[in-house]
Amino acid sequence: MYLEYFDKGKKQKAQIKDASKKDLKQWQRDVMPFEKSQAAKWNWETFLVREYRLARMTGQAPKFISLSVNNTPVGMMLLVNNFKAHVNHGKKENLTHVWYIQSAPADYLKKHNINKSTFDLSIGRVLLDAAVVNSMKSGNDGKTMLHADPGGKDFLMEYYTKQGFTNIKDGRIKQISSFRDNDGRYFFMNKAAAEIFTFSNRQKIGQKLTIEKPQKKENQQSISF
Amino acid sequence: MSTLNSVTCEKIKKAASLYVTEIKEINHYLVQEQDTNKREKLLLLRTIATIEHGNAIGLYNDQMDDDYLDELTVKNMAYCAELDNSELFGDIMILTEDTKEKLFADPAGERERLVKELGIRLLNVS
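Protein chains in written order, with our numbering: chain Z, 1 to 225; chain V, 1 to 126.
Bear in mind the hints are in silico, worked out from the structure with no lab data behind them.
Misleading hints may appear alongside valid ones.
Computed cross-link-like contacts, DSBU-like style, restricted to lysine-lysine with a CA-CA straight-line distance of at most 35 angstroms [claimed, not checked]: (1) K21/Z - K116/V; (2) K116/V - K92/Z; (3) K25/Z - K102/V; (4) K153/Z - K25/Z.
Quick look at which bits of chain Z chain V covers, simulated, 3 or more residues with Cβ under 8 angstroms [claimed, not checked]: (5) 77-88; (6) 187-201.
In this text the structure is predicted, and so the values were computed from the model without any measurement.
No residue lacks a Cβ here, since even glycine has one placed at the ideal position from N, Cα and C.
In isolation and in its complexed conformation, chain Z is listed as follows (with noise of 0.2 angstroms):
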């Protein structure tokens, strides 16, 4: 996936794609130094020898994806999309579960040049906006789901309703999966949502959306060691 986002004249390039062994370790060792925030406890180069790994033994269908801007990374995330949840009354439905997502910190960007007042969508939109790009091209219709890291207190929810996410409230789906009580921290995106969401990104950066039919449901991402 290539795409042009960030503009307002500039035309600075933003690239998503499919992160590398090599992209996570320098993620890890050039942005991260520069994370404050209760993200600074994660190791992207840690994720791929155990998270990743795990989520394939349980045949989720992991995946890291990485977004730069003029060849600097600004954005990470890994994702799975062959989770089941209960996000309706009575069925587990399949769906792209967002795991850990992160975007560069201010400072970093400041070292590097980028200006994200000039960018037309934020940083964290893109990143979620490629997940639910992913869910659509996987076969999961743009269903995407996320728990919000009980660190990020009440911004974090503010912020994923604001993107367009529909907290599951606890009481209306007690149970996310059989024995799992809903804590309350649970977002999710149907295919409606998803939809006008990814619609109106693209129409903020001038783009249309072609989704090819999706092929028969991948199990892992490749990365090669």
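Chain V: place on chain Z using the hints.
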């Protein structure tokens, strides 16, 4: 051509059999348990079982190439077909980083502590 030798396949099969039994045992306790605090502990026990199973089949080996990982996961999925994998994956996905690090650092010790606190006995775990 298969990259997994027969010894490794047998090792995965044996580990998967123990894992499936342990998950079923924990699920049996979960179905009966009404206390939220105890249910959380049982879910942590289930998470440890999944992490330990990864260890048992050599999942976290840093030197593993992608083809090998592919075959390993396909084989494992076949042996664990009766399990609800999204459910088990969800156990790990929901953990805070601190809890996750604790479980990965000392799964056996954490399991022992939780089993003691819950006052239960898992048949296949020494």
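Which of the listed hints are broken here?
Hints 1 and 6 contradicted; others consistent.
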